[in-house]
Each structure stands twice: as structure tokens, then as C-alpha cells.
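Engineer: This is what each chain is made of:
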Amino acid sequence: MTEFFASSRGFVVLLLLFAIGAAGSLLFNKNDRQANYWSNLFACAGSLWGMFVAIGALVAPEPVAFTLGFSPFSLLRFSFLLDRLAAFFLFVISLIAFFCSIYAIDYVKHYYGKYGIGTLGFFYNIFIAGMLLVASAANGLFFLVAWEIMSVASFFLVIHDRDEQENIRAGLLYLIMTHLGTAFIIAAFLLLYRSTGSFDFSAIQSGGAAISPVVKNAVFVLSLIGFGTKAGIIPLHVWLPAAHPAAPSHISGLMSGVMIKTGIYMMIRVFLDLLAPFPLWWGVVLLIAGAVSALLGVLYALAEHDIKKLLAYHSIENIGIILLGLGSALTFLSLQLPTLALLGLVASLFHTLNHATFKSLLFLGAGAVINQTHTRNMEELGGLIRLMPQTALLFLTGSMAISALPPFNGFFSEWLTFQSLFQGIAATDSRTIWVFVIAAGSLAFTGGLALACFVKAFGAVFLARPRSNEAQHAREPSFFMLAGMWPLAALSLLFGIVSGYVANILQDVAGTLSVFQGFPSPFLLAETGRISAGGFSFVSPPVVFLLLLIALFAVFTAFNFLFFKKQKTTFGPTWDCGADLTPRMEITSTGFARSIILIFKGIMKPTMLKSVECRDGETRYLPKSREIRLGISNIYDTCLYKPAQDLALRFSLYARKMQSGLINMYILYILAALLGALYFSL
Amino acid sequence: MNMNLQFLAMTIFLTTIFFHIIRRNSYTASAYAVQSLAVVLLLFRSFLATGSLSMLLTVILVLAIKVFLALHLFSNFVKKYKPGVSATAYLNLPLTLIVVAALSAFAHSRVFAPLAAIVPENAALLSLGIAGMLISLLLMVNRKGILSQIIGVLSLENSIVVFGLFAGLEQSAILQIGIMFNILVWLIITSIFSSMIYRHFGALETAEMTSLKE
Amino acid sequence: MIRLLRKTVATPSPLISIDPSACERVDISVVGREIEDHVKRLFRGSLAIRQVDAGSDNAAEQELVALSNPFYDVERFGVHFVASPRHADMLMATGPVARNMAEALRRTYAATPDPKFVVALGDDAIDGGIFRGSYAVYDAVKNVIPVDYEIAGDPPSPRAILCALLKILETIGANSLN
Amino acid sequence: MEPLLITGTLLLAALLTLLMKNLRAIELISVSAAVAVFIAALKIALGASAPRASNPDGFFSIDALGAIIALTIAVVGLAAAVYSVFYLRVEMAKGIIGFHRVRQYFILFNLFLLAMLFAVMVNNPILMWIAIESTTLSTVFLISFYDKPTALEAAWKYLIINSTGLLLGFFGTLLYFTPLGEAAGQGLTGWKTLAAHAAHLDPMIAKIAFVFVLIGYGTKVGLAPMHTWLPDAHSKAPAPISALLSGVLLNIALYAVLRFKLLTDAVTGGAFTGKLLLAFGLFSIIISALIMLTLQNYKRLLAYSSIENMGIAALGFGVGGAGVFAAILHIIYHALVKPALFFLAGNIFLKYSSTKISRISGVISALPITAVLFLAGFLAVTGTPPFGIFFTKIYVLFACMTMYPLAGFIAIAAFALLFIDFLKQAMAMIFGEKPAEMPMGEISPPLWAIPLALLATVLLLSFYLPEFLLELITQAVEKYAL
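Chains as they are written, first to last, in my numbering: chain A, 1 to 682; chain B, 683 to 896; chain C, 897 to 1074; chain D, 1075 to 1556.
Next up, chain A with everything else stripped away, as it sits in the complex (with noise of 0.2 Å):
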């Protein structure tokens, strides 16, 4: 049975059913019901069926490659592997797109009569299928098609809610942003065919020895930064933040959660598996984007309001954390230490798994919040919790996982990666030990920011009393949307407690890849479901959520019985003074964050705003409002792509000069074009 899904028919199966989807879609686009479930349902289908490709791959003996159809142009193949690598990303990219398919059902009826839901259901189904064909093409041509596809119908998604400038302008930076990597990206991939003379992966592969090594650090370069724009390396990450609250927010946990692993999965693929070997400093270079991300990215997000961007610079973060991972990974390989970079390639991928189901829970919570508010800013919402009690929970074990508490599966792949640094730091010298320091030292902070980050947004979001009226009356979501997500929820913690499992085949994915090749067997990583990094330390990931449990069962029984026992407990409402209680005296997410920001202002140039409007303009004694607003400048804007705007916008209004309007300056341009022409070429 598996072999049927995992073979050219199967493919063809699962790409079909997108099809129809999104050709039904697009036909049902008088009647948004219809259109609705239409393209959902075929989405959920193809989810459905692609998970089964997935893992027909995964248990397969060998890659499964094959070529469809034929096409004019003889470069470009339609030609296709399912390795385990690909398996692995094809499975995420099924499991997330499953339950945001079905969590959009009733999510985007919302739309209903707004925008057309044919479109967004064409682009959808688009959307999905091209991530699948990114993951699965074995072509350079092809995968630079199925990227720009994926890239295309995505903007189109992030600007369906059109009638707002602000998602246009946030469009229009993604798309340009997408743009210039795959300007990159074609880049890298035409030096690659120039040293091996194919677009072909296996034969890039096979031709590698006879690339020079300027061409393949340059190809290294190149790839980072097209690769890094779509994963969003800061600082190249200025499109995540904007796109992702401008596109509807099953979209945003599509795009967060997977999208940009996207560009981790070709990292991947170029550097370890088709440029293998390489020189010390790439894996360098990774570990320090990575922490550099992570860093950053956690700091920006502590400083916004906006729950959507919060969570897109949380994702920034975590594809920092990636990236550590798959840094020490290249580190450890280019020092022949096969056995540490298998530890931290797992690490890496068991975070992007990871990552991909917390992050998509947290933007599907994120969704259900603003869909009954409408709203993103976090100083409007609050007290949610007693509202929508399930969403709260399933945002809370979002925010769980994310902030790396045992025992969801942030913690575990979290804790693989700390594991893969100090093995740097006790295995390598003196040249690179500072590097593993500095990672393992951010990556520690970073957690800790996470923390602080998240005790914020559901702080702000649920508890306490809502701070505007549209708070007051949100109610719990449509059975659809919760349907969506209580299964990654309880799916952030299955992958806790089962994550020595899922470590153990994580390490059969990564160790297929070739570089993993040539070495002796590496080390069980797990055993019995207990994880182990390199017999040096381990966790056993049930035992802690027994121990959690019985602490905590502990701690309540001791309260309980032994602090409190003669006391009786009797609830009332908060004493305020004589005075109603108000959401203004609650404390702001801003407020919140504004101490830690503080002590990071040297990196974040936290700027404030103050306003007084007063009563009487002249004399200004009584003010009538006060408003103060604390903002972080955005120091990529100004110090990188500004200048680069005006340098282009300048160098446009030279251009344009040429065109001065007068015939005899044109004349004369002819002339001398006749007379350089015949003075140079003879």
C-alpha cells in the first residue's frame, strides 16, 4: 500500500486533487459557500493523501525518484525525489496544511460576501501545492518554478484582505523581498550549472568534485541570502513581520509555520547534500546568523503589541534556533565529527517539526482572537480567558511549547540543540570553541526572552479584564476552527512525550543524506524513548512529564492539605478603592516588555513618542488626553534598504534624464552611438 503512495501515480494523485480544488474553487466563485468548502475540503484531501506520500517515502528502502510529463525547454525536467529528507519535509508540510484546512472552513466565512472565497480557495490549494512541489523537486529549473509558484500565490494570499493600504504595502515588500532571494537563488543555481552543466540535483550532486571552490563558496553566499530571505534571517527578515498579520490567519500558520522551512529544507539540500564537502567557515557563518536571529528576533518581539507580528518575530527566532542546529551540524562535518553533526541536524529538523506544529497552533489561536475582536493590538484585547476558556488553553500550550517548557516539544528539540553546542564547546579548539560559546550563550538567553515574550502575550491577550468593547463580547470559536486546533495542541505535547521516538527516526532521516555516508555507523541517538546526546547526557522525555505531573500533584496536595487546612477560602471581587476597576489600570504589554527593552536599548534604539492634547491650546494647564508610544526604529529600514531605495530611485532619476524631451539630444545619442560603436569594435 505504501509503495502506491509513494510512487509517480500517488504524486500525480496528490497534485490533482489540489487541482481540482483549486479549479472547483475558482469556479464556485459566484457562491463563497460552495467555494469554501469546495477548495478547503480538497485541501484537507490533499493534506490528507500527502501525509501518506510522505510517509510511504519515509518507510521506503530507497529514494523514490521519478519524471512526469515532458516540457520545450530541455534544461527543465519534471523530475522528482522523495528521500527521506524530502519525506520528512512533505510530511510537516501535509500535517500543518491538514489542520489549517480544517480549521479554515469556518474561519474564512468571515469573508463571506467581502472578498471572493474562490480566489483565496484557488490560492490555497496553489499555495499548498507548490510547497509540496518545492520539497519534492529534484530539478533546479523545476524548483525554482514551484518556488516562485509557492511564492506568487502566497502574495496573492497575503493581499486578499485587499481593502486595507497596509496589507498591499506589506504584499508588495513580500513580494519584492521573495524577488530579490530568487534573483539570488538563480544566481546560485546558473554558477552551479556552470561548473557541472545540469539543473539536474543528482547530477549537481555527482559533479560536485569538479566545482571550484570560489564557485561553491560563492554559490554558499548566494544560496544564504535567497534561502535566508524566505526563512527569514534577519536582516533579511523585514517582509516576515509585515506579511504575515496582513494575510488571513490560517495563511500566517501556513507561511510560519512551513514556508519558511522551505528555505531551511534547500539549505539543507544545497549545502550538505549537494555541495558536500565545505570549508569550516559556512557552518561559521550559520551559527552565527542563527544566533544572531534568535536573538534579535525574540528582542523585536518582546517590543511589539501587535499579536501577529509578535508571532512572526518569534518565528524569526526560532528559525535562528534551526539554524543553530544545522550550523553545528556543517561545523562538526567539516571537522569530521559525523557522529555530533548527525546530533545536530536532528536538532534542527525535530525543531522545524516542532516549530511548525507550536507556531501554527499559536497563529490559528491568534486567528480565533482577532476574528471575534478585530483587533491585533494586544493593548485592546484581554480577559479572554473567561471568554473563550478552550482557545485560551490551546494558545497557553502554544505558548508553552514555544517558550521550550517541558514537557511540550519545544523543550526537547530545544534542549538537542543546547546539546549539540556544548559538544562543540567540549569538542572543538580554540579556533571555533568561541563561536559554539557564543551560540549556546544566545540561544540560553533567547529562551529565557521567550519566556518573559510569552508570559506577555497571553498576559495581555487573556487575562486580566478587556480593555476594549469588542473584547467583551468574543465568544468561543466555530467547532471547525477548534477542530483545527486541538489536534496540534495535543500534538505539541505528544511530540514531547514521544520525542525520543521521533528522534530516532529523525536521526534515520538525516543519516540517509550522503555526507553521513562514508562513517561508520553513528550512535543511537534514542533508545526506548529516552534521548541521548552522544553517551555524553540524556533526557527521557516520559519520565519528566511523569515527574511534572507528580510534581504538580505534589505541590497542590501540600497547599492544600497541609498550609491551608483550618483556613476556609471565600471569593470576592477585587477591592478597588471604592472606585471601578478599569483596563487602564492594568498594565500594558508595553509596560510589560519596557524594563527589557531598556537594558537592550543600545541594540534596539527603542524610540518614544509623546502627545498632549490640551483643552485650552494657548496656556496648555489642562490636558485633556495624554498619549505616549513606545516603538523600536527599525534599523534595517534605515541603515540597509533606504539607502539602497534612494540609491535606485537616484540613479533612476539619472536615467531618466536621457529622456530630456528634446529631438536633437536623441539625434544626437544615435551619433555618437554610431560613432563609439564603429570606434570600439574596430
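Just to be clear, a hint being listed does not mean it is correct.
[Stated by the list, open to error] Computed list of lysine to aspartate or glutamate pairs in DMTMM-like fashion (alpha-carbon distance at most 20 Å, straight line): (1) C/LYS1012 <-> A/ASP576; (2) D/LYS1222 <-> B/GLU803; (3) D/LYS1498 <-> A/GLU613; (4) B/LYS895 <-> D/GLU1516; (5) A/LYS565 <-> C/ASP1010; (6) A/LYS566 <-> C/ASP1010; (7) C/LYS1063 <-> C/ASP953; (8) A/LYS114 <-> D/GLU1552; (9) C/LYS1063 <-> C/ASP915; (10) D/LYS1508 <-> A/GLU166; (11) A/LYS624 <-> A/ASP637; (12) D/LYS1168 <-> D/GLU1516; (13) D/LYS1498 <-> B/GLU896; (14) A/LYS601 <-> A/ASP637; (15) C/LYS1063 <-> C/ASP1050; (16) C/LYS1063 <-> C/ASP923; (17) A/LYS657 <-> B/GLU803; (18) D/LYS1508 <-> A/ASP161; (19) D/LYS1498 <-> A/GLU166; (20) D/LYS1498 <-> A/ASP576; (21) D/LYS1508 <-> A/GLU164; (22) A/LYS657 <-> B/GLU890; (23) A/LYS568 <-> C/ASP1010.
[Said to hold, decoys possible] A few chain B residues that face chain A, going by a derived Cβ cut-off under 7 Å, partial list only: (24) LYS762; (25) VAL793; (26) VAL823; (27) THR892; (28) GLU896.
Note that these hints are calculated values from the structure, not bench results.
Virtual Cβ for every residue (Gly too), placed ideally from N, Cα, C.
Put chains B, C and D on the given structure of chain A with help from the hints.
Structural biologist: Then chains B, C and D, alone, in the frame of chain A:
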């Protein structure tokens, strides 16, 4: 080398320079007529040499279009739009002459040497033809008036014809007639356009027409 | 509400009126020492009082403030006036309970932890005093919250208050013995 | 046979239009002539693709590339004819133009088509030159069609600059006749005769001649820095004329350059002409990428995009090898996409009566189908998958990479910038709030159906090339790739 030939070629070349020097449009029109007449005479020579009737037809057509029709159109033009017709240039006269000299030198330089070598006995005349082309282009660059631009194009065409004649590259009569037909239509269109431009802009200067600047 | 009802049923007629007119001549330091003894025994050395102005004319407040001045200085006897009912053992309500203050009074009562003692201080608080019958007042604190003790006087002098406090503490002491 | 048929049909159509007094009859004549031309061109293409197709050195002679270009002319001509009918009806309804202008339009339209097809089909370089010059002469009144000062200015620049350029091209053409000697003046010299004598061409003369041809015809192609007339003319002409100018006329001039490139390469080798084409192509791409960033007029945007695409084609032909294959396909795709975009721009113009980008907003509300198609066209023309221009660009780039890596990198950067330019401008127009008083909905179905058909054709051709087209392209690549 035939003295007549040299004289005609020099006439054509000198009229090209003359376009740059004179500041009155009526003279420019007449100078073009003189230039075209020289071309006609050259063509007539080649008719005498070959004796083909179709060549004669070409000669007559050229005479009719380039000399009579053009003269007629241009003098009408000058009369009608006197206040609007400009003959001013961007470069002053000495500077213009220096550039003309430089272009002539370039036409005689080693860059164009292979062209002059097509018919070695006519090398000087061929170089003159090339110089005429470049100087005609310069006329269109330098002059502000629309009439000068029209004459620049026509003078460029004359220079090419002269070059073709001296290089032994004249085409068969049917092609010549086709080209003449093109020039006829071109002349008519430009004169229609001139009146339209005058109606819309109130002047016949290129500097007036600079609103398309992107 | 139900809790209030139950409480009324459980302790029938708890209200004890104290007429402080007999206290005009007592020595403050003597009364104080006795109060201190009682406070030490009953309240582990510190009696926290929250005073609620439920629409008073400020006369009673003047006298209460005077308790804290260097002359009376009740703090040396272990009696404190605190800022929050959450910290209080005893509520001292003054005034005829203006309509706007009734809710505040109720909430203060609710916020005071059990066991709590409510004292209505001054004639206004006991029965409305000169404001009785006005449409703007509820006439007495006991009409709004359950009152345990009443201290008469318009207003009672600090000495009288101290004396009454002693009697209240004695009553409490006697009750707790039972 | 078919070339004669085409010539006759179009001449007849122009004459009949001149005589007709009935608007519907004029429309019918032009459309049916365009249909007939399309069928004939299809037959030519099918005939040329047949194996062992005889290519006699007669008055008309069409090689594979010529057949491809003739077919694109016919397709776009048909589309433009149908579109013109509905476009001009709207303009007449608005009272912008009257019956006489429409008649004049269709006469010139047919003559323009005739000149273009003649230029591709005719076997003699001088006649081709005459035909290309005739395309200038027949369109100049179409560019000044609206009789506004700016339109007049554009038409005048178009006329003068192109005449100058083409005269230089004519000079270059003459130089190719040097090896023929006395035979040059005899009858009509076909391309084959020229090619046969090309080996005796003096290499230096060949180089000079090619420079003249490249500068001359390059003016008509719109290669920078001779491109200056192009944005003016394309933005002022009525939409269907812009479509023809941009989509096919430029290709014809490029075709002329290529034919001379073949003659030159016979004596100088491919490197010389290749480098020149590469330099001008790259310069065109850079210039258009830079200028498009700050443009304020969407028709000019499309015009500059044509300059860019011609630059890509020149680059492709310049680097040779797989670049030639890509360049030919690029020409085909561009010939279909750009007219579609100009038609859509025409729809927007009909609705908003302005070509300023700042005055256009909310097209997606006012003209939903046009907006969606415009976005699709934008994606197609900037080379976004799944549209074929993506592949042709990649092919040109990789051909470039293997020979001139630096040029390849510059081109990649320019392409990225171009995409950004186009995206920025398109988004500003399509989204946002539409003017309050603007009525919703498309003007008439054919106005969007035609661009839709063209874009659909491009999408189809991106993944499937019909047998005969593939055969033609293969033949053309064999001939033009050195």
C-alpha cells in the same frame, strides 16, 4: 578621375556644410535644391553610361521629387510660417565649423578607410560622401528649426545615394523607384505634420516639443 | 446576599449599642493600657481599623483623626487605622449613608476579611441623626450592612471613642471565651 | 502563393475601406481581412515547417524565423483588428472621434499590417528596407491619431528619429552589396545571393556595415540609446496600435538585424556581432530597469518593458547557442503578452481617461477582469513562472553565464529591479479605492476576452509547443545559432 564628377561631389559636400553656415531658411531650401540637382546630374551621368531607360525614369523622378516638389514645398513652407521658422543653432558658428571639421576628419580616418577602399579610384569622393552623412546628422543635432531637421534627413539620404553611386552600389531601377516613392510620401507627411505642428505649437522649433520627458 | 441572610439568622440581634457618656472622666492612659491588653490577647498585638466615610458631615472624622495625634496617640496601644479593608479587622462606618456611598460601603464590607467587626460611629451612622428621613440617605449603616456595635455621640469625642472601643473589645473577649 | 494572397487581401481591404461609407462594413472588411491573413500566415508557417520545405529564391522567400514572425504578426494583427472595432466603438460613443477618423484608422491599420508582413516575406534587403520605412510612414498618423499636441510631438519624434535611423541602416545595407560588384545593380538581389557572396565580403567593411545596420535598425528595434522615440510613440498611439508597435514591429526590425548578422558572421565569426548585440541588449535592459522605477505613466511603463524585452532578445541572439533558442521563444511570448497588456491598458484608459498612474487606483473594483488579467500579464512579462518568459530569461541568463558571467550577474540584478518597478506600479494602479463616481464593471466582453485569449495562448505555449512551431524554432535555431 573625372573633373565633373569631382565638381558635383564637392557641390554636394559643400552644400551640406552650407546648411550649417546660413541662417536664412529660404537659402537653405535653395541649397537643398542645388544639392539634389547635383545628385540628379550624377544619376544622369550614370544613365549616359548605361543608357537604360529605367535609369532615365529614375532620373526624371528624382528631379521631380527632390528638386521641384521639395523646392516648392519648402519655399511655401518658408513663406507661410515665416515668423515661426527658426534657423538658430545650439552651437555658434566657429564651434559648429570645428565640429564639422572634426567629423570630416573622422570620415577620412582609418575607421572608414575600408569603405574608401571599395573603389580605390573614387576613395576621396567616397570619404566625402561619408563626411556628408555625418555632417547631415550634425545638422539635425545642431539646428533648432524643424525645416533644418527635414533637410537634414534628406541631405543624409542624398549623401548615401552619392556614396552608393561612387561605390558602384546603385540599385536596380525598380528599387530606386521604390525608394523615391518612399521619399515622396515622407515629404508629403512631413509637410502635413509641419502645418499641424504650427497649428498646435505656434512655432516650428524642436525646443517647443519637449513635454514628453519620462 | 444569601450569606448575609444566613449570618443574620445565625447570630440573632448581634447589635450592641454603647453609650459613651459614662466615659467622660476616664484616664486615657488607663483605658489605653486596657485596650492594649485586650488587643494583645485578641488580635496578637494589633487591631487594624478601616474607617469608611459613608456620607458623614466630617465631624466624626475630625474626632477619629484626633485619635492619632500626639495627645491620644492610639497607635501606642496597638490600634491602627489602615488604608484598605483587606487589612482591617474592624470597619468604622460614619455618616448616614448617602445614597451614592451605599454601594461603596457594601463593597468595603465585602472586601473586609472574616472575622470582621462593624462599628457604626456617631448618631448619623446609628439612625441618620439630623439627616434622618432625607431622600438622600439610607438613615443608618445597619440598613445597608450588618452592624455589630454602635457608638453614640454627635460626634463622640476621642476619649469616648476610646472608651467605647474598650467596651467593644471586652465584649469580643467575652464572646470569644464562650 | 500565400504572400501574394496576403498582399492582395490587405491592399484590397485598404482600398475598400477608402470607398466605404458604412461603419459596420468597414469593421467587417478589416476583421475578415485579418482573418484571411491569419489563415494564410498559418499556412505559410505550416508549409515552412514541413521537412525539406523548398525555399525558392523568388520575390518572396520566407525562412523559419520569418514564418514565426509572420505568424505572430497575423495573430496579433487579428487580435488588434477585433479589439480596434470595439475600442473605437467606445471612443465614438464617447464622442472623441468621428466616422472619418475611424475610416482613416482602418485604412492605415491595413496598410501597416501589409508593410509589416511584406517586410518579413520579401526576399530583397532593399525592399525590406522600403517596407520597414513604410511601417513608419503608415503609423505616424496613427500615433498622432488623437490630434493632441503631445501626440503630435510623439509622432514627429517617431518620424524623424526612425527615418534617420533607417537611413543609416540603409547605408549599412548598401555596403553588403560590395562583393556583388556590377551584379548589384541588376534586378532584385535575394538574400541567398547575398549569402553566397558574403564570403567575399571584406571583413572590415562587414564590420562597419553591421555597425550601421545595428544602429540603424536598432533604432527601430528600440535598443538603448536609440530607443528614445519608443516610449513616446507607444504611449500616445491608440491601444491596438501600441500593441502592434510593441508586440510585432520591433521584432521585424530585430529580424532584419539578425539577417545581416548572418551575413556578417560569415566573414567575421560570431563573436563580433554577438558582443555588439550583447552590449546594446544589456544597456537596454539596464536603462529600462532604471527608468521604469520612477515612471508615472502606465503606457510608458509597458513601452519601456518592450525595450527591456528586446534587450533580452538581443542578449540571447548575442550570446548564441541556447540563447538563440530562448530569444526566439522570447520573441514569440513577448509578441503575445505585450499586446495583451496594451489592450488591458486600453481598457483602463477607456474607463479612467488618463494614463497617469497617480490618477488610477482601484482598478480591481472598477474593472475586475481587466485587473486580474493585468496582474497575470505583469507576471508573464516580468518572467514569473509558470509563464514561459521565465524559462527564456533563465536560458538567456545561463547562455550568458557560460560566456560572460559578469553580464549575466548584471542582467539578473536588472531583472530583479524590473520586477520591483513593474510590481510597484501595477499594485498602485490595481488596488486602492476606486474613484467614487466610477461605475463598476467591464465595458464590453470582447475587450477583455481578447487579452485573455492571448495570455491563455502564452500559458499554453509555455508548456506545450505545437509540432510545427517546434520544428520552425529548431530550423531557425539551426540557421541563426553559430
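Engineer: Now look at each hint and say whether the structure bears it out.
Structural biologist: Status of each hint after checking the structure:
1. C/LYS1012 <-> A/ASP576: holds, 19 Å
2. D/LYS1222 <-> B/GLU803: Violated, because 53 Å separates the two Cα atoms, which is more than 20 Å.
3. D/LYS1498 <-> A/GLU613: Between D/LYS1498 and A/GLU613 the Cα gap is close to 37 Å, so the pair fails against 20 Å, i.e. violated.
4. B/LYS895 <-> D/GLU1516: violated, 32 Å
5. A/LYS565 <-> C/ASP1010: Distance of about 16 Å is within 20 Å: holds.
6. A/LYS566 <-> C/ASP1010: With a Cα-Cα distance of about 14 Å, the restraint between A/LYS566 and C/ASP1010 holds, given a limit of 20 Å.
7. C/LYS1063 <-> C/ASP953: violated, 26 Å
8. A/LYS114 <-> D/GLU1552: Measuring from Cα to Cα gives roughly 55 Å; hence the hint is violated.
9. C/LYS1063 <-> C/ASP915: Satisfied, since the Cα-Cα distance of roughly 10 Å is no more than 20 Å.
10. D/LYS1508 <-> A/GLU166: The given pair, whose Cα atoms are some 16 Å apart, holds under the 20 Å limit.
11. A/LYS624 <-> A/ASP637: violated, 35 Å
12. D/LYS1168 <-> D/GLU1516: Given pair D/LYS1168, D/GLU1516 holds - Cα atoms ~16 Å apart, limit 20 Å.
13. D/LYS1498 <-> B/GLU896: Holds. D/LYS1498 to B/GLU896 sits at ~17 Å (cutoff 20 Å).
14. A/LYS601 <-> A/ASP637: Roughly 18 Å between the alpha carbons, so the hint for A/LYS601 and A/ASP637 holds.
15. C/LYS1063 <-> C/ASP1050: holds, 19 Å
16. C/LYS1063 <-> C/ASP923: holds, 15 Å
17. A/LYS657 <-> B/GLU803: Since the Cα atoms of A/LYS657 and B/GLU803 sit roughly 47 Å apart, the hinted pair is violated (cutoff 20 Å).
18. D/LYS1508 <-> A/ASP161: Holds, at about 16 Å.
19. D/LYS1498 <-> A/GLU166: holds, 14 Å
20. D/LYS1498 <-> A/ASP576: Cα-Cα ~54 Å, so violated.
21. D/LYS1508 <-> A/GLU164: Holds: D/LYS1508 and A/GLU164 sit about 13 Å apart, inside 20 Å.
22. A/LYS657 <-> B/GLU890: holds, 18 Å
23. A/LYS568 <-> C/ASP1010: holds, 9 Å
24. LYS762: B/LYS762 check fails; min Cβ-Cβ to chain A is 22 Å, beyond 7 Å.
25. VAL793: It holds, given that the least Cβ distance between B/VAL793 and chain A is near 5 Å, below 7 Å.
26. VAL823: holds, 5 Å
27. THR892: holds, 3 Å
28. GLU896: holds, 6 Å
Of the hints listed earlier, those the structure fails to meet are numbers 2, 3, 4, 7, 8, 11, 17, 20 and 24, in rising order.
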